[in-house]
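Peer 1: If you want the building blocks of each chain, they are given just below.
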Amino acid sequence: MSPDLERALDRISRVRGVRGSMYVAADDGIVVARLLMETVNGKAVAALAASLARKVEGAAAATGAGRVRFLQMDAADGTLLIAPAPRDLLVVTLADPRVNVGLCRFEMMRAAEAAA
Amino acid sequence: MSEDIRALSAVLAADPASLVYVDLAEALRRRGDLDQALRVANGGLARHPEHADGFDCLGRIHAGRDDLPRAREAWGRALAVAPDHLGALRGMGFALYRAGDARGALAVLERALAGHPADDGARRALGTVRRALGMESAVRPADRPVEQGARVAVETAVPAPPSPAVVPATAPGAPSVAAAGAAASAAAGAAAELPPVFRGFEGATADILLFDDRGLVVAGGLGGADGVDVSALAAAGLAGVSSEAGRTAQYLALGAWTAIVAEADRANLVLAPVGPGALLLVRRDRGVPVGLALRMAERAQATASAWLARQDA
Amino acid sequence: MSLVNFTTREITCKIVYYGPGRSGKTTNLQYIYDQVPDDRRGRMVSLATQTDRTLFFDFLPLDLGSISGFTTKFQLYTVPGQVYYNATRKLVLQGADGVVFVADSQARQLDENIESLQNLHQNILEYGVDIRTVPMVLQWNKQDLPRDLILAPEELDDALNFRALPAYAADALHGNGVFETLKAISAEVLRKLSQGATGRQG
Amino acid sequence: MTTTVVEPWTKRPLTGYVAQSSARLVVVMTPAGQVLAQHGFARAVDLMGVAALGAAIIASSGALADLVGEATFGALFHAGQRHGIHLAACHMPRGSLVILTVFGRETSIGLVEFFFDEFAAALRAAAPADRERGPVLAENFEAELGQSLASLFGR
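Residue numbers (our numbering), protein chains in the order written: chain E, 1 to 116; chain X, 117 to 429; chain S, 430 to 631; chain A, 632 to 786.
Be aware that a few hints might be false.
[As the list claims (entries may be wrong)] Derived CB-CB ranges, DEER-like: (1) A:Arg755 x X:Ala425: 41 to 51 Å; (2) E:Asp88 x A:His709: 29 to 39 Å; (3) A:Arg674 x X:Leu184: 29 to 39 Å; (4) E:Asp27 x S:Ile560: 44 to 54 Å; (5) E:Asp88 x X:Ala422: 42 to 52 Å; (6) A:Arg755 x X:Arg163: 19 to 29 Å; (7) E:Asp88 x X:Ser125: 38 to 48 Å.
Rather than coming from a laboratory, the hints here were simulated on the basis of the structure. A quick note: this is a predicted structure, and the numbers were derived from the prediction, not measured. The C-beta atom is built at its ideal place from N, Cα and C for all residues, glycine as well.
Next up, chain E with everything else stripped away, as it sits in the complex:
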């Protein structure tokens, strides 16, 4: 993993409640770089997050909202955050339900820039 990407993921993981974050190839749904707690199944997160992002992208286009810049899925036992990044990548973060989304979003946007 390149040091820039590693640093970017490290900054995301310092946000309290973050279980892991990764760069994912958007079209392929596979992990490019990751920093995860041992309990997190990176393969599953990458595949499912990329698929969800693709479906949301299609639906957002249908509503006339344009391209998606940040995506948040809240669930009872966790939060999934996705930010599209250059070079057809996604920055994906899995976190606890009450995580500080604003802070995660800020670090994920920085991580997206680091991929340029």
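Chains X, S and A: place on chain E using the hints.
Peer 2: Same frame as chain E, now just chains X, S and A:
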């Protein structure tokens, strides 16, 4: 043809769970045996409730029986599973156009062409709808297929649904009563008939949409660019998002999902479940903070939930 | 190991044409392919070099129709003949239900025939299989060549066929003996099934 | 499109895998290229060609792994313009199986890989113990074989 039907029937008899039911239903439809086609398609879909090709075929069968509401429902369900399904987009465009919602048809067909630029059927249908709306008389250059060579393959791969271009009864040169009446106020047309669940909310009929998990609009409405109503298309795509979110939450052991927020170039979207089988979309301007949009969505969710409970009572 | 499905009553068997380089293994398959109607065969797959020498294998699926109430399908493979392709030859041999050994009848090819036959025994042994349990027939190909260039079937029998296996004189290019060879190996393979051999079943 | 299985215990795992991964074609085969189950093929003879090539790729990459001192390579993945293929071995109680998946742009290699792992586990759980096999064909099969081959060769 009857040889095909015999062979396909034999395959389906040997393996009732086979997806070959679509080919069989389609062959029957083409032969004009619509009742039998309907039975086969419904039988297959009972086993494969998430099969977009099956719903697309069902849509064509209903359209052949002049049952447009059911055709529209079938294509909506196909789009809920596969938002970019070409046949279902073309079918939905046809159904909306025939229902007098030319602007809705325009939105759907533009989406079909955006995803499948080489598709002649979608391009012809789009031209027809644009002329009906008094837009331009010719197809815009940007809509011409990128690769001429791709045309034939696409045409043969997609069994042509009855497209507006080949339905002379409603052709725009001599608009039918239904088309003429509704096309003028198409944007409001679809939404105005829906129950006023969100009265008092900002954007009650153009930015808040209540729909079911099969992609069918229940209440509210969603306007697209130029005031085009995109409710049907959006509901279909968003129902697909909902099932994908359900799967994601299940495999990642996240429990039930409660909201999806998408910050996009022109708007922020909040999608939330409203009791079993119903979903809500709230769209807010990009300038409205996400936190505020979420709170609005919560209020709309409570209103929708109460209204749905009253309907069920 | 033949595949038998008792539910749908189907049998699928793998038959490998083995032998030295240029002995006519691919020619056997090509002739069969040309003779069999479209609806009874699949596409013939040939992984060959630019000079049409088999690189990995040729493959031809055949539908024999119903035998004893079982829909019977054969998968015919050839192996590359050249000595240095042994790794791929061994891979193709894996799971074979029967072997046709195609010998080149030319007298000057006798050593190559012997070497290839030994190589067959060696490769089968390495899969932990006793060659005596593998259905096998021999084919003396190129019997159409001038008499002074080739060995007679009896001479080839003496040199190569010490187990007294069924052997057929052939001219695969023109189809002579191809059908008889296929029929013989089919019968050997199916006979083993009729005797209750072990294998995979559904 | 059809799903057919030679061994009934493969059906439920295969159907689940196809639904979850949105795969277009799936072939479950032995390392020798014998098909145990498939989804998406209309003609058995077309399927056999695909199976032969899939098994050959796995066999040759296994042999390559051996040559470079690697125990085994994992899954193989090729991306094309319209289709991708995923090819991997699945270790079973009675020997390996080879599974070939062909998928389109409506899904991704990530989803295929993720659900493949589930599929492999479901197959292992469903596989029955090996059984002895009795005689398959009647003893007098040879006359029918002769007729079949004769009709095949137009004789």
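Peer 1: Are the hints correct? Go through all of them and say.
Peer 2: Status of each hint after checking the structure:
| no. | hint | in the structure |
| --- | --- | --- |
| 1 | A:Arg755 x X:Ala425: 41 to 51 Å | holds, 47 Å |
| 2 | E:Asp88 x A:His709: 29 to 39 Å | violated, 19 Å |
| 3 | A:Arg674 x X:Leu184: 29 to 39 Å | holds, 38 Å |
| 4 | E:Asp27 x S:Ile560: 44 to 54 Å | holds, 51 Å |
| 5 | E:Asp88 x X:Ala422: 42 to 52 Å | holds, 44 Å |
| 6 | A:Arg755 x X:Arg163: 19 to 29 Å | holds, 26 Å |
| 7 | E:Asp88 x X:Ser125: 38 to 48 Å | holds, 45 Å |
When the structure is compared with the earlier hints, a violation turns up for hint 2 alone.
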